[in-house]
Structure formats: C-alpha cells, structure tokens
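Protein chains: 6
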Amino acid sequence: MEKCSKTKMRRGLYVGRFQPFHKGHLKVVELLLRKVNELVIVIGSAQYSHQLDNVFTAGERITMIKEALDEAKLDSCRCYIVPLIDTMVHSIWVSHVVSYVPRFDVVFTNESLTRRLFKEAGFDVKAIPKYERNVYSSTEVRRRLVKAENWEELVPKAVARYIKSIDGVERLRDLLKSDK
Amino acid sequence: MEKCSKTKMRRGLYVGRFQPFHKGHLKVVELLLRKVNELVIVIGSAQYSHQLDNVFTAGERITMIKEALDEAKLDSCRCYIVPLIDTMVHSIWVSHVVSYVPRFDVVFTNESLTRRLFKEAGFDVKAIPKYERNVYSSTEVRRRLVKAENWEELVPKAVARYIKSIDGVERLRDLLKSDK
Amino acid sequence: MEKCSKTKMRRGLYVGRFQPFHKGHLKVVELLLRKVNELVIVIGSAQYSHQLDNVFTAGERITMIKEALDEAKLDSCRCYIVPLIDTMVHSIWVSHVVSYVPRFDVVFTNESLTRRLFKEAGFDVKAIPKYERNVYSSTEVRRRLVKAENWEELVPKAVARYIKSIDGVERLRDLLKSDK
Amino acid sequence: MEKCSKTKMRRGLYVGRFQPFHKGHLKVVELLLRKVNELVIVIGSAQYSHQLDNVFTAGERITMIKEALDEAKLDSCRCYIVPLIDTMVHSIWVSHVVSYVPRFDVVFTNESLTRRLFKEAGFDVKAIPKYERNVYSSTEVRRRLVKAENWEELVPKAVARYIKSIDGVERLRDLLKSDK
Amino acid sequence: MEKCSKTKMRRGLYVGRFQPFHKGHLKVVELLLRKVNELVIVIGSAQYSHQLDNVFTAGERITMIKEALDEAKLDSCRCYIVPLIDTMVHSIWVSHVVSYVPRFDVVFTNESLTRRLFKEAGFDVKAIPKYERNVYSSTEVRRRLVKAENWEELVPKAVARYIKSIDGVERLRDLLKSDK
Amino acid sequence: MEKCSKTKMRRGLYVGRFQPFHKGHLKVVELLLRKVNELVIVIGSAQYSHQLDNVFTAGERITMIKEALDEAKLDSCRCYIVPLIDTMVHSIWVSHVVSYVPRFDVVFTNESLTRRLFKEAGFDVKAIPKYERNVYSSTEVRRRLVKAENWEELVPKAVARYIKSIDGVERLRDLLKSDK
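Residue numbers (numbering that gives the first Met the number 0), protein chains in the order written: chain L, 0 to 179; chain Y, 0 to 179; chain C, 0 to 179; chain F, 0 to 179; chain S, 0 to 179; chain W, 0 to 179.
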C-alpha cells in the first residue's frame, strides 16, 4: 500500500459542512490529494441535522464522503474524516480545530472568515484550486431535492444512492413543511 | 481494493478513550476486523486533554491510532476513527453516539454502563474477545510514563515514537506537578 | 377519585410552547383527555422568556395551564405539565424528551418536524384532532396584546386574569421597544 | 373539588433529588400540604440518570412521585412536580428556580446551601418539620438495592412496584460494576 | 488620590457591547462619572468577535475603553471594566450581571429590555443623559469602516489608532466577504 | 498621571482564583508592577461562588482586589482586573484567555499546568518572584475562617473589612454544613 508511505508527508486541512457532499467537493479532494500526502477533511457544524440547511447528521455525512471516495477510487486511507461541532466563539475556533485533528501544515479554503482566522493564528492558508463552483453547490442540491428536480446529477452516484437509502429526500421535504 | 467491498457488510462499534492507544487496543481492533466488515472506533471524552487521566488531545489520539493500524498492516480503510465529546447526560448518550457515526449493527464492549445504555436502547451488544487485559491498560501506561519505567513495551512502536515526538512524556510529568 | 384509575391506561404526549396558552390549546387538551387516560403536556423552549416570541417564563406558563384546566373543570390530576429546555440538536431531541417525562404510548402533533423526529425514532404519532386553528394562535394573541386589540377573547378567562396580574401586557410592549 | 380552591392560597417550595422518592419524602409532602394550599415539588439534578447517585431519569422520578401521592390519597392536584436541571453556578440558582416554577411564598428546606442561597435572595425559608430522617434516606435505599437487602420497606409500595417494572434494581447493579 | 475616596460612594452600572467604543460612549462615561463615585462598565456579549456585528474581542474592547478614558484624562481608577458573556436566558440575566460586578446602586440605560429586567428585579434604573445619539452609533462606525468613509471622526483618537494597530479595518472587510 | 504612560510598555499576565485575595497575592502584584508597565490580573473560575473552595463571586473578588490595591497605594490604574470563566477544555484555554484580556508580553506563574499550556502555545513564561508562600495561602485563610482562628492577619485590612461587610464568614460556615 505504497501511497500510504509517511515519508516527507505534508498534511492539508479542508473544512466544509457537506450538506450534502457533492461532485464539486469530490473534485476538490481529488485535486488536494495530488498536493499533499494526507488530507484532513473536517465536517463542520457536526452537531446539526434535520434542519433546512443542515439536513444530515455527522454520521450520515461521514458515510457519504467515505462511499464517494471509495467509488471514485480515491485513496481514502490518506484521508482523515473528522466531525467537528461549532464553537460559536470565533476567537477560540482555530485552537478548537487544532485539538481535534492530526497536525497539519497547510489550510485550503476559499472562505473568507476561515482564511482570516487561520491567518491571524499564523497558519499557511492557500486557495482551493478552481473547479466549477457555479455548477456544484450544496444549496443548489437541496433546492433541487425539495423541488424534485434532477439533484442526482450534482452528487456522486454513491451519495445519491445513500441519500435515498436513508429516506433523505422525504426528510428534507418534511423539514420544509415545518419551517412554514 | 477487495477488502473494502461493501457487500453484506456488518459494521461494529468500539468505544474507548485511548489515553493512550496501547497493544491491547490494537489486538482488539485486529480481532474485531475479523468479525465485521467495517469497524467504527469512537474516541470518547474527545474534548479533554492535558489532564492526568486524559493526557492527549483527540487529534493526537487519531494520529496514534492511524499510525498504529498502518504499522500493524491492518486495513485502516475499513475503520472509521471518530472523536466524540461527552454528553454528561447518560440518557441521551446513545442518541448522541448514533448521530456522529455511520449506522452500525453491533456494539462491542466489556464496559458495564456502555452495555447497559445500548441494551436499554435495544442494540445488539457483544463482549470484546478476551486478550491480556491484566497486562495492557492505559492506566498502567500512564503510571510507567510518570515513573520513567518501561512504558514503551505496552504500546505499539508507532505510538511510542509519536508520543515522544510531541513531548508527551514531559507533558504528563508537568500535569502531575500541577495536581499536587 | 375514579378518573385517576390507572388500569389499562394509555398515556399521550402533547408538546407546545404555549406563549401564551389559548382557547385552542385548551380545546386540544380536552379532546385528548377523552382519548387517553393520562396526558403529558410538555412546555417547550422552557428556558426562554422576555423575548417577543417567548414572553413568559416556564413557571408562568405552568401557572396559566394549571389555572385554565381547573377553570374548565378538566381533570388536571390526569395531566403532567413538564417544562423542557431546547437541545438545539435535533438528533438527540427525542431521547431528551423521553428522559424528562413519564413513559408515553402515543405522540399527538400536527407539527412536521416533531412528527418526523418521533417517526424516525419508531414512535406512534397521531394528528391532533381538528379545532379552529385559524382562529386561535399564540402569534395572534401576542399581536393583539401589542396592538391593544381584544386579545382576551382568545384565551381562557383564567389566563387573561393571570397575564394581567403579572403585568404581562406591559412586558410584551417593553420587549417590542427593545427590538426596534 | 373544594381542596383546589385558590382563595388565600399560599404556595410552598420543596426541592429534592428523589433518587428515589421514599417514605420520608412522602411524609414531608403530607405535612407540607397541611401548611400550604399548593406545593411545588422541584426534582433537582433533573438531567442526570444512570449514575450511582442519580439512578433514575427525571421522567421516572415524576412517575414515582405521582404514583406515590395517588396511592397515599394525597391531593396531587395541589402539587406541581417540576424537573429542574442544575446550573452549576450557585449565584444564579435562585433566579433559575424562580423562572421554572409558579410564584411561591415560602421555601421549605433543611439543606444548608439551599437555605443560604434563598436567604441571600430575600426569601422566607422554613425548616422542614421533623420526621424520622435517620430511618429514611435515598442513600440507604440505594445501598440496600445494591446489597439485595430489604429496600422495599423504605419506599411507598407504588414506588417499589414502579422501580421493579423498569428493571431499576438491575440498572443500579450494572452501574456499580461500571464504577469499579 | 482623592477622587478614589470611598466615603458615601454610589456606584453606577452601564452596559454596552462597544463594537467599537465611540465618542458617544465616552461622553456618557464622562457624564456618569459626575453623578456617581464609581462606574461599572460592563462589556456585553463578551464571548463574540470576528462577526459583522461583533468585530472585536472582549480583550480588544477593554483596551479601547481604557486607552480612550486615559486619553480623555477621565479618572479610570473610578471605573471597573468588566467583560460579561451572554446568558441567552433573560430570566437569569440580572443575577448573572450581579454576580460578576461590584455591588451597584443604580443602573443607567436607555435600552428597553435592560430597563425591564432590572425593574422586575427591583433595581433603581435611570435614563442615560442625552447626548448626540443620532450622530454616534457603533452601527454607523462599522458601516463607515466597511465603506472606507470617515469613521475616525466618530471614535476617540486612541480608539482609531488602536483599531488600525490590530488591523481591525481589514478584519471587518474580510468578515463582510464571508457573509455574502 | 505619569505612571500610566504607555511608552515602551510591557504588559504582564497574572492568573489566580483569589478565594480570597490575601497578603501574598498583594505582594506579588506589588513585585510585578515593578517589572511591567501594566499588569492583567485574571480572576479564574469566575463563574463559581458559594462553594467550599470558591466562596466569593467574581464581583466580590474584583471588589476585594481593587480595595486592597487602593489601600496599599498601588497604582490600580496600571492594572486590569478581568474575571474569566473556566473552559474545562485545556486545549483551548490559552486562546480563551487571550481573547478576554489586552495583549500581554509575558506570563507570570508558578503553576505547572498554566506554564505548560502557555509554553506549548509559544508564550514567554516566567516564575513569580519568591514571597512567603508557606505563610499565605487561600486554603489556609478559608481554614481559619471556618475554625474562627485569626484569619484577618493573612489578608489586607481592606479585604477583611469587605468580607465581614458581606457576611462572608457566615456564608462559608453555612457552606461547610451543606457539605457534610
């Protein structure tokens, strides 16, 4: 299992909510695995589920990501998938992340607050390589799920199959009724 | 990557604090990986570190476990390593676990409260197969760390190397001074 | 005290915020007491008060409900009135409810998220029998309280008297000023 | 239902953990119901259960108390049974209690901290009338439960029956094993 | 150090978020120091920072206030500057404040909820003396910071200098990008 | 106000629980004020009071410290007295401290855990200059308070006077009864 060799490893950090994990996320993981030996994928807002913007539990999101990586033949043994609850308090957030994940050398993000907080704490922050961000977004996936439009094309096949297996489409529609 | 095949999978759950991860833990993982297709390893009391009984952060424990599994050539791609904070409130603990990990079919534990709570919630609970529990214990590792006795023989080589690399021996001794 | 006989009892659960308890709520309690031997009335969001949408404390809401039931000659000894704080975390909410109330056999709700969560947890969920929901609503009571319109006709006499006795009208108007 | 008349009512407060509710507690409720029109029974440390000192959930304790009062033909319609979580922070505890219960005029307690906190907040605090406190104590009930001695004689029949019905004896013994 | 004499002291309370501390706040402190011997300045929502409405940490706000008072030659030795986290739960808020600050005799506020809560708790509440409130507001300072308009004229020189020294302008602009 | 001049300032941090503030603490503050221009005095475990080991509220401790500094003619305008709640989670504690206090250059502590945590975070940590630590300790003050021995000689006169004025001796004795 040569790819798991630890020599001269550089570990990267990638944070998202993955509600749900879509093809854009998968593409990013693929690109980042070319740049670093190991990648820490943090599932943010891990405590939330059954909300319009946070449909799936942390456990469900771990499953989605693992199955999507395996389906894409990406080397999941080079990834750490770590659920992380919010602190609400931004000033301690970097310490909070650091204490829950293996030591990392670089943070990949295009999100402005994440970049700001890690920069103020002295970390190396890099932009995520470009991919078709206007096509793939979790918000759009959720919108299509609700409207019964073609959401499957935006997520890896394994994720679509998994969401159906846990009755995720009905869950989101029920949540929508609740919110009205 | 045949071993990762999901057909007829059965997933097991194994909860510990792993302060630190020792040879006994490693043996249990090895035994359980023969019984289930996938194993969820939950790192309990994830929020604590820098205490006499909880020396290492969740991130440090994830690293230890991953490196020990890789060193032992165990199939880490069949394991989910998930840090989990305590709820303090036992009546919601099972729900809490369930929401942070992939769906599992069986709980492996010899711990009486864990067994009680999962049984009251209707789960299938099995005893952990016997191994030399009187030899390997985290309490004993920490005792030897403090006394500068031979703690290395109780943990996988990768764990000993890692603990030294993060100055873990000195940390525990400093904690001991604080407690007096 | 024949009505309190426990033989062949079936206990129901009814959750609301009761900000404040109005004639519609009272009618529901009356209907449900015909269907079950005992009714658990959970006062949700118990920790909040002195907010525009959560005007009254849990203690004030307990008092309202008790006085309204007594005034209506309903059998309050067959009701459990239990204040319950929010968990924020939906995935543990059912366990949370279960641990704070006597065991119940059926959940009565027309609220979509409540129904979803209890159904996912395997409970028997029934719709609340129809009553004039377009007439009675807590939102409408609060709107009229603010506007000095006839809010008294929407709540039981005992509740109107109680709200006045604790200076509740002035409280809500002060809260409104704060929000601007 | 004359006893429920609210004229010239005086409400008392009585706080306990009731782990479990024993004959001494029942006697106190009986004595206090002679002194006040209504009694608020607060179930403290409501969030805890499945611990050696906190065996039963709040919901289980509500059930015990209600069934014991009914069995003793005490007027449970003059009692409010309110579960209350701990604040940990003593300086806000009185405010916390006040916000979860109906307004009360007098606090009954023999507990020194409770008396101190209510006195500092300006409340009227009275000692609980004497009863055989050296005979009845929750600690003694739990000790006998563990040792399989005659614990039933210390609790009302309804409580003994209830504890057995929820497998409470086994639960406590399992907890004891966990603690070792 | 005559002004610090404690004889016949009357202490006042003044609560704000001070995001940031502007000339209007400074004027209020100056006016209040003429009315009371000592002033407790509570920095509310102390836990928040790096948000659009809560840009600065509690520590940064303490620094701003202290430097502004010194620059204005106000007697900072007669002021207590105390950061205070939110309780979220209004019913315990007054107790919470009371436990974190020296005993005070009067509350100065024009904020309706603050006045309501202290009045319900029996405190003496007075309006803050008039000053040019339509000119000075933290919201306006933040708006100008974002738009690169003249925000410096709204805050004491010491505050402007401090905000620049901690790169506060860039922080707020980064937060704005994040929010979009 | 020459002593308050900020030129070439160096700020120090000093953390304690101050239950209560005694002559040893005062001596330390005096020594440290000779070494730094400004001193941040953090009152730890700020949320606790009315416990055997945490008798006084944060507000009471602020008052004690301020009055003791003034009585000793120390320059309290060069001190920041900041109450800080515990995080329980050691890995984020340094970030937590940093966000609640003005930027500091050096940490003074003889406490092993505090030194460890700040060192791991890269701070300059110095030992507190020697003073008669075997004579002055808060534990000894509390012991004497309980036993009605001469506790007054261990604390500044202003602190003794203040503790008596808030009935602190009786409070501690009541707490002791509660604990038995």
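No lab work stands behind these hints: they were computed from the structure.
Hints are supplied without guarantee of correctness; some may be wrong.
Treat identical chains as interchangeable: a pair holds within one or across any two.
Below, computed lysine-lysine pairings styled on PhoX-like, alpha-carbon distance capped at 20 Å [to be verified]:
hint	residue 1	residue 2
1	K26	K118
2	K125	K72
3	K176	K129
4	K163	K118
5	K156	K118
6	K118	K176
7	K125	K176
Now for the hints, and whether the structure bears them out:
{"no.": "1", "hint": "K26 with K118", "in the structure": "neither (25 Å within a copy, 36 Å between copies)"}
{"no.": "2", "hint": "K125 with K72", "in the structure": "neither (25 Å within a copy, 33 Å between copies)"}
{"no.": "3", "hint": "K176 with K129", "in the structure": "between (36 Å within a copy, 18 Å between copies)"}
{"no.": "4", "hint": "K163 with K118", "in the structure": "between (40 Å within a copy, 17 Å between copies)"}
{"no.": "5", "hint": "K156 with K118", "in the structure": "neither (36 Å within a copy, 27 Å between copies)"}
{"no.": "6", "hint": "K118 with K176", "in the structure": "between (41 Å within a copy, 15 Å between copies)"}
{"no.": "7", "hint": "K125 with K176", "in the structure": "between (40 Å within a copy, 17 Å between copies)"}
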